[in-house]
Amino acid sequence: METSFYLSLVTAIFISISASLLGSFVILKKMSLVGDALSHVALPGLALGLLFHFNPFIGGFLTLLVAIIGIWFLKYQTNLPVDTLVGIFFTTSLAIGVLIIPEQELLEAMFGNIASISFNESIMTIILSIISVIILLVIRKKLLVNMLSEELAQSINIKSRQIEFIYLLIFALSVALGIKSIGALLMGSLIIIPAASAKNIAKSFNGFMAWSVVFGIISAILGIYSANALSITPGPIFIISATIIFVISFLFKKIRS
Amino acid sequence: MNILKVENLTVSLGKNNIVENIDFEVKKGEVLAIIGPNGAGKTTLFRALLNLIPYSGSVKWQKNIQLGYVPQRIEIDMDIPLTVEEFLNLRGSNVTKIKIKKVLEYIQLDEKILKSRLGEISVGQRQRLLIGWSLLENPDILLFDEPTADVDIHGQESVYKTISHLRKKFNLAVILISHDLNIVYQYADKVMCLNHRSLCIGKPSEILQTGHLQELYGGERGFYDHDYSHHNHQH
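These protein sequence lines map, in sequence, to chains A and P.
With the first letter of the first sequence counted as 1, position 72 gets the number 72 in my numbering; the numbers rise by one all the way through.
With the first letter of the second sequence counted as 1, position 125 gets the number 125 in my numbering; the numbers rise by one all the way through.
Calculated from the structure, these hints are not laboratory results.
Backbone N, C-alpha and C fix where the C-beta goes; we use that ideal spot for every residue, glycine too.
Be careful, since some hints might not be right.
To be verified - Label pairs and their calculated CB-CB ranges:
1) A/Ile130 <-> P/His165: 44 to 50 Å
2) P/Ser205 <-> A/Asn157: 33 to 39 Å
3) A/Leu137 <-> P/Lys63: 30 to 36 Å
What the hints assert, rightly or not - Pairs of lysine-lysine, DSBU-like flavour, derived with a Cα cap of 35 Å:
4) P/Lys203 <-> A/Lys141
5) P/Lys15 <-> P/Lys102
6) A/Lys253 <-> P/Lys27
Same shape as in the complex, but just chain P (with noise of 0.2 Å):
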């Protein structure tokens, strides 16, 4: 069952197409990467699939879907006093203490963290609790815009780990923008190639080629055999 379809998705700007002419959907349960050079329009399109920017063509997503939206980065002064239980119940009213603690259990944070300032803990923790944030209203899908953009290796593995281990445990859909190949390979179930147009869609193991990466990316970049292959083992 198609919980998104997009169909023809154009974004403008001025004279000039951001993206253009993009068709893809997404089945329930499945994980879409979209992958491509910086200003490729990745953020635009998920802006535009979010509604917040004018667009032609058409979204449509399921009725009555819960989107879980997981940002790159929060936007304002981390010296700010908010703690991290306030800016759980942010997220809405039906918030409560016993969801919250089940949530932190699904992104593996220990409930003393819940009196320290978003300032004070790590950014790979802060990207588990913007995970959490979303799961509070038991989403559908997550959009997840480069979650680790600003995390250290140590920590991109932990948000990576809870993405997978939730994915599973609620048969959510993902989309994902990346521009870590070995994560695409590892975790999606297909992959969109984005430079304005869709170059190319399909299984990873197809797309991650590097004749499709050439294009994409125009220059000498492959993906490396052995990297992939050392990851199929842990699986």
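Chain A on its own, in the form it takes in the complex (with noise of 0.2 Å):
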């Protein structure tokens, strides 16, 4: 018991990390309502996982590999707008997935249970996040003018689609390692919330992304420890004590100002 608690702990660490960092990025472009709603297009994967009985993260992945394909060919081939796209398309699948999903397994699809999680699941939902941190790292001053100006990267040899779509890549892995344990509805607010924060008390980027990675950790320490000691499931606590350090950012904020 002890040692399935500690491994829960430092996965949704390790997930949260991942999603945090991703998040100083999503919310640069005023992308957040897209980022939200993009990673409800795990829900049909993850249910197809569910009706199949194979694993949900790949479900899930797939399903958001699909669509991230599709918005960005979208994006280059048509002039749609990316926002309008999403509001149309991924809502759809959100109410797919519901529909699939077997209704007992509902609740644990969009909300999450990181109990279920296996030790196998655990260590490859911590590599992966780890492989992603490590890309977002790499790539982040290439992404940072990609997001200032496509021109401008374009002019000193920054090949922006392909920046983009790594950018993407690195989206759908961070959302379906957590749909598991956090759910496909909370996973969205767990990239947004945490940078938000940390873009009230930042001053320069470096620190935009540390106070996002400390937060989006605090939240995972509170929301699994409460969680345990309430016996209830750790995704919504997770996104209520996210909330709530973002409301205190914003205080300081204000009265810095």
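With the hints as a guide, dock the two chains, each given alone in a separate frame, to form the complex.
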């Protein structure tokens, strides 16, 4: 029991680190809602995994991947605004997911259950989180220039589309890593909220990334401990902790200015 | 020596040609201004030069050319925590403190600005900073897409003074999209009038005559003599 508690804790911390680091890039472009809605796409994939007994992580990752390649392709082939596409397709996939997931599994699919994660899955999640963090740190400068201005990126030979694609892949990976423990519905918030809090207090971009990760870790620890103490599922507590941190950081910003 | 040669450049969107059959060249140290009404295809032309969009025809840059591009504006939320120093460091891995110091001198900004957030400095300062950013890797040519679109009159002057100063200092070539005919008259060696096609190309004194401008803008738009003679005195 003790071992599985600490395993859950460490897994949650790693999921949080990769999600919150990613978040500091997601909110740069005011893409918060896109990110949030995008995480819902995991739901139908997760449902298929549950129905046909394969790992829901793989199902979620695959549907996210299809959606992301779809957006990326459409963005360059048409001039449709990305947020409109996201709003339409992703809410639809949420609806489809809800319809095909067996009712008794629905709650877990939407809000996660970290206790149901096996030892092997935890190790896998930790390794993939580390990979996602490393890739993000490696491409961070290019990614940032590309977000500031695509033309600027192109003028210094940054391959914009490639960078954008890697970024979307990392996005899919980070969401998929969290769907089993935090839930497909809540994962988007875990990406956004720590970064939004960090934005309130950071003065530099390095500080912004660091604070975002720190807030992600604190939310994970608070979430797992209180869920254990109260015997409830940790996903929602996770998000509530993150939101409390956001409120505190917002007050801090107000007081400082 | 040509550093850019464009031949028969056409960019299409669906069935419409946004720009069509454009030919021009830019020599080392030369300033080319591109003028034309809104929607004439000026920015599209730039995007084609930067190879951001598909085009037909040929765009030949001199081998191993270093481009400096100065966008109209930065597209992210200005509230974001990104310091001026961090922004300059994004240019590449060879950016050093010494280089940054030098570039700040060229664009006449104080070193104190390095610790400021990008959102805290004025728009004029930000545009000069973008110029500085492109100077970090010793460019051969600078491309400006209406560098002062969001800048007030006072800031505009400082941006153009910076451009002109740098151009003389480094013998830089410049391609400049501008609405401001005074600026074009004052700084350009060559002007191209663009309205989907290239309507005229030549020296500013030849081009900025009411005839050409009327053809370009299609209205009663003239270039006021007293304005440019005034600027001439300043030179």
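Tested hints:
1. A/Ile130 <-> P/His165: 44 to 50 Å: At 49 Å between Cβs, range holds.
2. P/Ser205 <-> A/Asn157: 33 to 39 Å: 37 Å, holds
3. A/Leu137 <-> P/Lys63: 30 to 36 Å: 34 Å, holds
4. P/Lys203 <-> A/Lys141: At roughly 41 Å apart (the allowed maximum being 35 Å), A/Lys141 and P/Lys203 break the hint.
5. P/Lys15 <-> P/Lys102: 48 Å, violated
6. A/Lys253 <-> P/Lys27: Roughly 52 Å separates the two Cα atoms, so the pair is violated.
Of the numbered hints listed earlier, those contradicted by the structure are 4, 5 and 6.
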